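Heads up: the protein sequence lines correspond to chains A and B, in order. FYI, in the numbering used here the residues of the first sequence are 1 to 530. FYI, in the numbering used here the residues of the second sequence are 531 to 1060.
Note that these hints are calculated values from the structure, not bench results. Among the clues, some could well be false.
[Unchecked claim] Here are the in silico distance ranges between beta carbons for each label pair:
no., chain 1, residue 1, chain 2, residue 2, range
1, A, 322, B, 797, 56 to 62 Å
2, B, 832, A, 449, 37 to 43 Å
3, B, 673, A, 475, 40 to 46 Å
[What the hints assert, rightly or not] Straight-line alpha carbon distances no greater than 27 Å define the calculated DSSO-like cross-link-like pairs of lysine-lysine that follow:
no., chain 1, residue 1, chain 2, residue 2
4, B, 640, B, 938
5, B, 885, B, 843
6, A, 110, A, 289
7, B, 668, B, 608
8, B, 721, A, 217
9, B, 837, A, 410
10, A, 355, A, 408
11, B, 940, A, 289
12, B, 640, A, 191
13, B, 604, A, 482
14, B, 1012, A, 217
[Stated by the list, open to error] So, partial list: chain B residues that the calculated Cβ filter (under 8 Å) puts toward chain A:
no., residue
15, 683
16, 716
17, 726
18, 769
19, 796
20, 995
21, 998
22, 999
23, 1017
24, 1019
25, 1033
26, 1041
Since the model is a prediction, treat every value here as computed from it, not as a measurement. The C-beta atom is built at its ideal place from N, Cα and C for all residues, glycine as well.
Protein chains: 2
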Amino acid sequence: MRSGDGGPTRRQLLTAIGMMGGTVALYQAMTAMAHAAETQFTGPPNLSGARPGASVIVLGAGLAGMLAGYELNKAGYKVQILEYQQRAGGRNWSLYGGDTYTELGGATQKVGFQPGNYLNPGPWRIPHHHATLLHYCKAFGVALEPFIQFNHAAYVHQTDAFGGRPQRFRALAADFEGNVAELLAKAINQKALDTAATTEDLDRLREGLRDWGMLDKDFRYVKGLRSSEHRGFERPGGGGVNGAPIPSEPFALHDVLDSRIWTQMSFFMNHEFQTTMFQPVGGMGMIGKAFARQVAPLLTFGAKVSKILQDKKGVTVSYADAASGEAREARADFCVCTIPLGVLNQIENNLSSEKQAAIAAVPYSSAVKIGLEMRRRFWEEDAAIYGGHSFTSQEISLISYPNSDYFKNKPAVLLGAFAGGPNSYRLTGMTPEERIETALAQGSVFHPDSYRKEFMTGASVAWSRVPWTLGCCAMWNEETRKAHYQTLVAMEDRVVLAGEHASYVGCWMEGALLSSIDAITRLHQRALEA
Amino acid sequence: MRSGDGGPTRRQLLTAIGMMGGTVALYQAMTAMAHAAETQFTGPPNLSGARPGASVIVLGAGLAGMLAGYELNKAGYKVQILEYQQRAGGRNWSLYGGDTYTELGGATQKVGFQPGNYLNPGPWRIPHHHATLLHYCKAFGVALEPFIQFNHAAYVHQTDAFGGRPQRFRALAADFEGNVAELLAKAINQKALDTAATTEDLDRLREGLRDWGMLDKDFRYVKGLRSSEHRGFERPGGGGVNGAPIPSEPFALHDVLDSRIWTQMSFFMNHEFQTTMFQPVGGMGMIGKAFARQVAPLLTFGAKVSKILQDKKGVTVSYADAASGEAREARADFCVCTIPLGVLNQIENNLSSEKQAAIAAVPYSSAVKIGLEMRRRFWEEDAAIYGGHSFTSQEISLISYPNSDYFKNKPAVLLGAFAGGPNSYRLTGMTPEERIETALAQGSVFHPDSYRKEFMTGASVAWSRVPWTLGCCAMWNEETRKAHYQTLVAMEDRVVLAGEHASYVGCWMEGALLSSIDAITRLHQRALEA
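Input sequences plus hints: build the corresponding full structure.
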């Protein structure tokens, strides 16, 4: 059996290595491969040999643009980064108390959070295998702390399950697993699967199901200390005279199915959401700030680009200076353009019609995030929930608990909504005040005693109304990938695009960085050939 | 349907509340109950009205003893705490560089860790629902940070699976779930389970299995981007021209069964190991130190108790002072004894024969922990593992990765073994040097390129050889619980026992604290009656 490209399969390769070098070599090869599979990042780009005086204009001071500027500048290129906003970081952004934000439509919010508290409107968590981002966080001195993604103690709420009452993830997941284990063990017992696997394997699987699903000796999932070990107790064990635990009653299969708990169980198993995840200490925006410190001399803020024209000798970018209103021009040998596609699509350029079609082909997702500052950490104090998310079928989709300052006696910011797709449309259309009210109304289902009572102030960002992106991130599908992706990322004469939209790790900072590295590596090769 | 004690069932109660107060009342009752079920802790004990001058001797300055001393002293009792060692904390203990530890048999280790690095020989993680411990950590100013228990990226190793090669938890768990989902969907398709649930529920379950197990449209678990989303990719997505991800090949069911991955999957679902877990910043011993600060004036160190005799008016404790060798006596109205049972069993006393039988009836577990200081964090840098455990069928049982100082360029201490039961016997019998060598040999299976190369120094604690406990913690079983538990915890005239051994939360600090609260609450009632 050979793999598609005609080369040896992984198994064949490993067998060959094993025959040559014995188990140690085989083992080391496996380990090396397992490592390689974590990421496409192989270290900072090698851009040695840059021609003296060669110059690059980078458009956009998000992470992709700043990384391009940083690495190209380090390699000897003359770099200028033009940024529309008065800050660097792009979607890597935290809103703090005192910040002001005006969305499309004109609504302006003055954020009222206490010092140190923040909302991350864009990215908010970092997978452990996003090696590029982690590399530069370390290189640029960004302190990271664990982001609790998976929390067994948080709630799951479906309006049409359990009479609308949220239940702990742990109980629903345990009961799903218990029921699945019992039913499959039953099917194995009934010889219903004897053609699907060997009898020996089915026997071993059945024993495994007993352990995994906390089945009793007769392969049944029943009320008892054993099932309560997973789903939680009616009264957990304690000390002294009344120390004995009291088991809880499993939910009926019918009710567990109502909860659709597999949605969350599957979600937590997504490679990008697997433990361990991280967040910067002090807000995601710390990453953008750290990148900005590295490229500070290269940055020009308040530059509204209106035209990108390349000719045989270079690229000319026309832009308006926000402060003076003056029209200005920048010129360089090459251009790395990281402007989000929806914005870029409105900028005059002389790229090929195929490239322009690719730029126009990719819609951006809409997403809404709402931060709610609460007087005290009632989710910890009253419900023993430390970080993680409680999910709901309502528009807010989830609420997420803060991953810093656990146990502290001071106000904290909950993420009160993270809505995407259809769930975000009505929220996007609302005023900031209406969004807060909706978040309070819907989020109260999880913490009815405290949610409104402890609320202090809120802030929201609807990405479709963000002036400098016109959306959250690029939404490729199989069709558009086939028709336009390679055209979009191909370097066209002196211009190359970069950003999460030019990657297969869309909507993640890692995608922006990997795209940037690939783009500048190709730009450098082109420059050497020129 | 009624519950065993003749009272209304939970469901009946909720229905009744629902009829009386409508859904809001019902919902609030549910929430309140969900909260109650997290813990038996209801706040610090209420010991008001203590008789002036009433006195208590507390034996042992572990957490149970110090909490008893703290609360009784606060309530007005005159308290003295006698402790055998020259430090407080008991099994709450961290070994730092410069510390010296001598085990039974005489082997002495001088710990050589770098400043700030440590091994927690005893407790090392705190469940989020251990509310008593969390309450006092907050009250006494112990800073906590997340302890990563569940890590999808860590390895699972069985000597007889995959030719002895460890595999990522994520891949094995994804393949187990995928196979279970496919087999159960098949059984449902074949109408093999039509008597087990309604057709509608089976249909819904089958759709759920597709989501949960990443099955394709035909309910098969196959190689592709979909299954790779859970199990990891051969090459994950990247940026630019070569950004497309390459899916990985699922393991064969037979191989997945070899790995016994359900053991770890089930382990992580245990209530006590569910996220979010915590650890004190700087080592578990910070808790013992914080408790000790609260009761410093009450502590007498180096007191080796030889006799505990009560009479109608009080309790006399005879002990030797370690510094002078002098025989001394302490006398008080009451005694809270937290001495581990194996040690207490060797101390002369005039407790009832039933009580003495209970003390003698409970064996202590043996456990071995080994700390290995490594020059660099190769598990993070080379394998993208941040916290969590890699499991093995070898004696060391697991290695565990540190949960602080992530990404730092300095030496760090791995837990190189946490062996219990039969796995611990051979390790216990070894010299400290042999234990380190064994830990390096066995742990190398996970990180063969670096494990020995980066090793600097190690330390080990075999609990059966710890002079002041003679074991790790009390191992009750169903039979001994029935025969002896209530006898053990009952206050006998003026003496009451406390500690993890006098609880149903054995081997956890929470059990020690809940036991202590229960014991002193009963002691106080007795004192008021006296």
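Exercise. Among all the numbered hints in the text so far, which are the ones the structure does not match?
Worked result: 2, 9, 10, 12, 13, 20, 21, 22 and 23
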